[in-house]
Amino acid sequence: MTDRAGSAHPVLPLVGRAEHLEALAEHAEAARTGQPRLVLLDGPAGAGKTTLLRAALAADGPFADMTVLHGSCRAVAAATGYSGVRALFGPLGLTGRRARTSALLDGGARHALPALTATPQEDDAPPDDAFSVLQGLYWLAAGLMADGRPLVLVLDDVHWCDERSLRWLDFMLRRADGLPLLVVAAHRTEADPAAPDALADLVAHHLPAQLRLGPLDTRQVAELTGLVFPAHQPRPAFVGRLAAVTGGNPLRVVHLLSDLRSSGLGPDDAGERRIAEIGGRAVTASVHRMLEHQPDWVGRAARALAVLGDEDTAYLATLAGLSALHVEEAVDILRHAGLVRAGSREFIHDLVGAAVRDTGGEAGTAELRLRAARLLSDIGRPPEESAAQLLLVPDAKDPWALAVLRAAATQAEHRGAPEAAARYLQRVREAEPDDPALLTRLAKALAETDPERSLSLLHEAHALTTDARVRTTTAIQLALTCLSTQRSPQGVQVLTEALDALDAEAGPAPDPAQRELRTLAESVLLIVGADEKSTFPQALRRATRTTEPPGDTPAQRQQLAMLSVLTAADGGRAADSARRARRALRTPDAPLGTWSLLPASLALYLAEEDRAADEALETVLSDSREKAAMWTYALALSTRALFRLENGALADCAADARTALEILGRERWGDTATMAHTAHTSALVARGEVVRAEEALAAIKRPGLDRFVWEYHWYLMARGRLKLARGDLDGALETFSACGESMEQAGLTNPVFAPWWLEAACLLGGLGRTAEAREFAERGAGRSERWGTRRALGYAALARGASTPGAAAVEPLREAVALLRSSPARGHEARASLMLGRALLAAGHAREARQHLREAVALARRCGCVALARQAREGLMAAGGRMREITSSPLDMLTDTERTVAGLVAAGAGNREVAQSLFVTVRTVELHLTSVYRKLGVRRRVDLRAVLRADEASSRRPETTDEQSGNG
59 MTDRAGSAHP VLPLVGRAEH LEALAEHAEA ARTGQPRLVL LDGPAGAGKT
109 TLLRAALAAD GPFADMTVLH GSCRAVAAAT GYSGVRALFG PLGLTGRRAR
159 TSALLDGGAR HALPALTATP QEDDAPPDDA FSVLQGLYWL AAGLMADGRP
209 LVLVLDDVHW CDERSLRWLD FMLRRADGLP LLVVAAHRTE ADPAAPDALA
259 DLVAHHLPAQ LRLGPLDTRQ VAELTGLVFP AHQPRPAFVG RLAAVTGGNP
309 LRVVHLLSDL RSSGLGPDDA GERRIAEIGG RAVTASVHRM LEHQPDWVGR
359 AARALAVLGD EDTAYLATLA GLSALHVEEA VDILRHAGLV RAGSREFIHD
409 LVGAAVRDTG GEAGTAELRL RAARLLSDIG RPPEESAAQL LLVPDAKDPW
459 ALAVLRAAAT QAEHRGAPEA AARYLQRVRE AEPDDPALLT RLAKALAETD
509 PERSLSLLHE AHALTTDARV RTTTAIQLAL TCLSTQRSPQ GVQVLTEALD
559 ALDAEAGPAP DPAQRELRTL AESVLLIVGA DEKSTFPQAL RRATRTTEPP
609 GDTPAQRQQL AMLSVLTAAD GGRAADSARR ARRALRTPDA PLGTWSLLPA
659 SLALYLAEED RAADEALETV LSDSREKAAM WTYALALSTR ALFRLENGAL
709 ADCAADARTA LEILGRERWG DTATMAHTAH TSALVARGEV VRAEEALAAI
759 KRPGLDRFVW EYHWYLMARG RLKLARGDLD GALETFSACG ESMEQAGLTN
809 PVFAPWWLEA ACLLGGLGRT AEAREFAERG AGRSERWGTR RALGYAALAR
859 GASTPGAAAV EPLREAVALL RSSPARGHEA RASLMLGRAL LAAGHAREAR
909 QHLREAVALA RRCGCVALAR QAREGLMAAG GRMREITSSP LDMLTDTERT
959 VAGLVAAGAG NREVAQSLFV TVRTVELHLT SVYRKLGVRR RVDLRAVLRA
1009 DEASSRRPET TDEQSGNG
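Per my numbering, residue 59 is the first one in the sequence shown, and the count goes up by one each step.
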């Protein structure tokens, strides 16, 4: 018979934690009302965090009427990406093939699958980036709250949580405004977190309510003693010694009391002496003493359980080298002794598991973990499970272990967990430090989370590589990483050298693979070289020397796209630029990449092929929305906003810019973006909202902005226009001039992109400084003629009219109006009509002046250019015309986000479609829509649509003519 001395630990009620339970109830109530909360439950090991959570999760606990997802992180899984998420969502059963048809995985929530499944299915496509998985999990959680039912996420032992899961909690809470969400995380204060940076970010970003579980006082220790020894009255000296020895730690108190009871002692003098002997080693001593009194096979089974966890009996038996019957008996003994939870094979606390492993010694535990890793592999478990054991063995570097770690890295990459992939690959690197392919792969895994280290690794890999083709491939990745870390000149240098070496090896007759690799490298070199002003002239020269490819492969189409935009930047012929862009976008056998679509769209816009430019951008938007690629989505929106701005579509520009800003504002990388802020600023200036425009421009945080080709000059245009609107004419002129000087320095001479010369000429002409204005007009005239679009020619005529004094200005301004009317530039057409009206009035032609001024008002209002419309009205009144005041729209009461939601809904989008377009929850859309209805005094979508149409019609309604009113 096996010795089962003593009895199991008694199931004790919660002692000394009533206030904490009440605090959790208060936070739960706040979450129910749409006030999302993060609660951090803090305390040392054994303080009772898990016990408190179990009380909160009880049927009569504070979370009783809420949807609750509860999971615990494990030390052995700390290196595995999304292990914490799987602990939370696992009970929903969404990873089986049949479960994938669940309504919870509809729409964007399907992107959560890589995080949820332990073993990806063969037909599961890997995520394009980690953000798509985060967004999918967000939509999954939002779906659980779709009916307004509050959601509680309870994650125990969060100090062992992996980076990806913590990043997702941060991601979720950033978007939780108005959602009935409560996140409770239990954390051990003295433990070193598995992901310290991610946990620190979570705490810093969301300032959690902290519930600290301190030690029990002597009264509470006495209460626990009375519960363990109900037939005895604890002596005060015993309670005092017990409190002192255990530090009031509940787990230690219970273990000491149970140890005394199993030894036949009580809360008396003898018990006090035993406490003094054991001291502060209560848990370890209790576990060791229990196992010492058991047969060897009980200890072997206990150590197998401490390493492998709550696994199938047969697997535990294999690891322990015992029969299944022995393992079952051993677990029963451990459960009876109070070391294992009732109804499971989990130790009651990880300190107990650590004490059990300690009985096998360091070398014995390492050997057991190696065997566990092989066992998990043999039974077909995912490589990450074996790798989790291997990472806990410092010297696990044999070929089999390295193969498992590589396979685990592949699995982590497949689920969008780059930190985990990097951890596995780093262990491989310790054994194979000079493998350039490994360094390159490790760099790719670190590109998102640690781009500086990624770049360093790529330099190492490049230096170790001797083959010209491999060096070129590495150089491509290095150059693109330089682009993302704002070190483009460094990337240009490395890739140029690699291309020269590839050419030297290939000779005059390269094989097809070499040609395609070279084309790809050339296209990337143009992409990276076109980023900063210091390398832009080199990119322009290379583009001039490059033979135009046929466009049959993705690399050739990418190269064509870059050639098209560089042709445009250099002020060549618009027809040539557009032809290359169209060829880059022709229907391919494979989908086009972002680096083909975005450059080609810019070239097409500059060449006045707006429909094709919009189609290219819509492809980017649709694809990035489908893949939840938020950065690309925001970039495409920002680009389209700038196009719409220059075309005078202010409402559409503002909507795109606001949506992009809404997305960027929730991301850690949002501060690096500028284009959405620039477009928003210029739109606000055109609407006459100068104060808000100043705030929008001040929100740009990107360091070293003056180094960059595209963003910097768009920024200067917005800044100059803002200064002009504020009345700072000298400051505006200085800014426009600085824009021109910077563009000349870079070699960016297209007359339509950032037309600083036009702004300067019009400003000076308006001040009567026509000679100075003429200098700027002439600088743009020749380039406009060469570029050849109607917009460019219209700009040149407008600048010429602004710089011509007296009545002679009328003819060039008539030409400007006619040219711009046939172009997409509605805002500039309104401006030309205004200037023509003023010139006619000055020449004594009041009646014709009124006609053009009235056209200017109508055009400006249709564009949403309120400031210009008011200027035109003032001119009309000065010319003897009549017109109502240019009044504000009722839509001005709406916030930017409410305007965007209202526009999408009025266009026919459903709430879910709006939510996925804005990367927010349906609940958030509902809240915005409710606010829109309240502000506009409507109750239904059809009424909202009517209000928006009435506002649009109002902006287009013709004013009463002077002739109709009798004013000839």
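The reader is advised that the hints may include incorrect statements.
[What the hints assert, rightly or not] Within a straight-line C-alpha distance of at most 27 Å, the following computed BS3-like cross-link-like pairs (lysine-lysine) qualify:
no., residue 1, residue 2
1, Lys502, Lys685
2, Lys455, Lys502
3, Lys759, Lys591
4, Lys591, Lys781
5, Lys759, Lys781
If you are wondering where the hints come from, they were derived from the structure by calculation, not from laboratory data.
Computed from a predicted model, the values in this text were never measured in an experiment.
Consistency of the hints with the structure:
no.: 1; hint: Lys502 - Lys685; in the structure: 20 Å, holds
no.: 2; hint: Lys455 - Lys502; in the structure: 22 Å, holds
no.: 3; hint: Lys759 - Lys591; in the structure: 19 Å, holds
no.: 4; hint: Lys591 - Lys781; in the structure: 25 Å, holds
no.: 5; hint: Lys759 - Lys781; in the structure: 19 Å, holds
In terms of the numbered hints stated before, the structure departs from none.
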